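Trainee: Below are the chains, spelled out letter by letter.
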Amino acid sequence: EAQVTQNPRYLITVTGKKLTVTCSQNMNHEYMSWYRQDPGLGLRQIYYSMNVEVTDKGDVPEGYKVSRKEKRNFPLILESPSPNQTSLYFCASTQTGNTEAFFGQGTRLTVV
Amino acid sequence: DQQVKQNSPSLSVQEGRISILNCDYTNSMFDYFLWYKKYPAEGPTFLISISSIKDKNEDGRFTVFLNKSAKHLSLHIVPSQPGDSAVYFCAAAGGTSYGKLTFGQGTILTVHP
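Just so you know, the protein sequences line up as chains R and P, in that order.
The first sequence begins at -14 in this note's numbering and counts up by one.
The second sequence begins at 59 in this note's numbering and counts up by one.
What the hints contain is simulated information worked out from the structure, not anything from laboratory work.
A couple of the hints might just be wrong.
Said to hold, decoys possible - What the simulated footprint calls covered on chain R by chain P, stretch by stretch (three residues with Cβ under 8 Å from a Cβ of chain P suffice, anywhere in the stretch; the number is not a length):
#1 3 to 14
#2 33 to 43
#3 79 to 89
Claimed, not checked - Computed, partial: chain R to chain P, Cβ under 10 Å:
#4 -11
#5 -9
#6 -6
#7 17
#8 18
#9 49
#10 76
#11 93
As the structure is a prediction and not an experimental result, all values here were calculated from the model.
Cβ coordinates follow ideal geometry from the N, Cα and C atoms, glycine included.
Model the full assembly from the supplied sequences, consistent with the hints where possible.
Mentor: Written out as C-alpha cells, the structure reads:
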C-alpha cells in the first residue's frame, strides 16, 4: 500500500528538549516536504527536499532542521523546541512531474 | 500575506443538497489548483484538481470550477452526504516553486442527515 508514515503521532515535550519526527514514504517520490497546520492559517510549508541531499526552506523554517540522506526518509528536527512550535505537523511526498501531494497521518506536537 | 483564502470557516448543508465551497487566490503565477479533504486525526487526502487551462473539472459528485479572471475557484458537491463532513482545503501550485502547495485556511463542512 502506497503511504507516507510519520512517527510519533502524538508528542508532548518540554521547552528546549531536542526531538525528531520521522517521515518515510514507499512510493519512490523525489519531492518531500513538511507542513504545519495551525487554526486560521491552513497548512504552511516548513522545509522541502527535491531529492537526496537537496533541501531548502519553505515559508516558516525558523526553529526547524531537516535532512535527506535517503530517498524514502525525511526527518524533521527541532533542536530546541519552544511553545510556539506547538502544532499539527504533516509530512508529504510528491512524484516528479505531478502536483498532487500524498500526506502522512500527522504528528500532534505540544511543547510546554 | 495569505495568497490563498477560504473566507468561510464553516458550512452547514442538508443531506442531498448541494455544497459549495469557495476559494480565492491572489498570485497570478498559480496555474494548478487542488482540493483536499481532511477528517479528524488523519492527513489531508487529495480530492480533485484543475489546471488553469480549464474552467471545469468533474469527478463523480465533485466538480471544481475555475474563474481565472476573478482568481476564484469553487468546489461543488452534489448530492451532499453525511460522510462528506470534513475540513476542505483549497491549495494552489505554480510558478518557480515546483512541488510546493499554498493552502487556504480550510472550511469545515457539516452535512446533516
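Trainee: Does each hint fit the structure? Answer for all of them.
Mentor: Comparing the hints with the structure gives:
1. Residues of the stretch 3 to 14 of chain R lying with their CB closer than 8 Å to a CB of chain P number 0, which falls below the three-residue condition for coverage.
2. Using a Cβ-Cβ cut-off of 8 Å, 3 residues of the stretch 33 to 43 of chain R lie near chain P, which meets the minimum of three, so the contact claim holds.
3. Figure legend: the stretch 79 to 89 of chain R, annotated as covered by chain P; annotation consistent (7 residues with Cβ-Cβ distances under 8 Å, at least 3 required).
4. For residue -11(R), the shortest C-beta to C-beta distance to chain P is roughly 7 Å, which falls under 10 Å, so the interface hint holds.
5. At its closest, the beta carbon of residue -9(R) sits 8 Å from a beta carbon of chain P; the interface hint therefore holds under the 10 Å criterion.
6. Among the interface hints, the one on residue -6(R) holds; its C-beta lies about 8 Å from the nearest C-beta in chain P, closer than the 10 Å criterion.
7. Against a cut-off of 10 Å between C-beta atoms, the interface hint on residue 17(R) holds, since the closest Cβ of chain P lies about 9 Å away.
8. Taking 10 Å as the C-beta contact cut-off toward chain P, the hint placing residue 18(R) at the interface holds, the least distance being around 7 Å.
9. Annotation: residue 49(R) was flagged as interfacial toward chain P, and the flag is violated, the nearest CB pair being 16 Å apart, outside 10 Å.
10. Hint on residue 76(R) holds. Least Cβ distance to chain P is approximately 8 Å, under the 10 Å limit.
11. A cut of 10 Å between beta carbons decides the hint on residue 93(R): the least distance to chain P is about 9 Å, and the hint holds.
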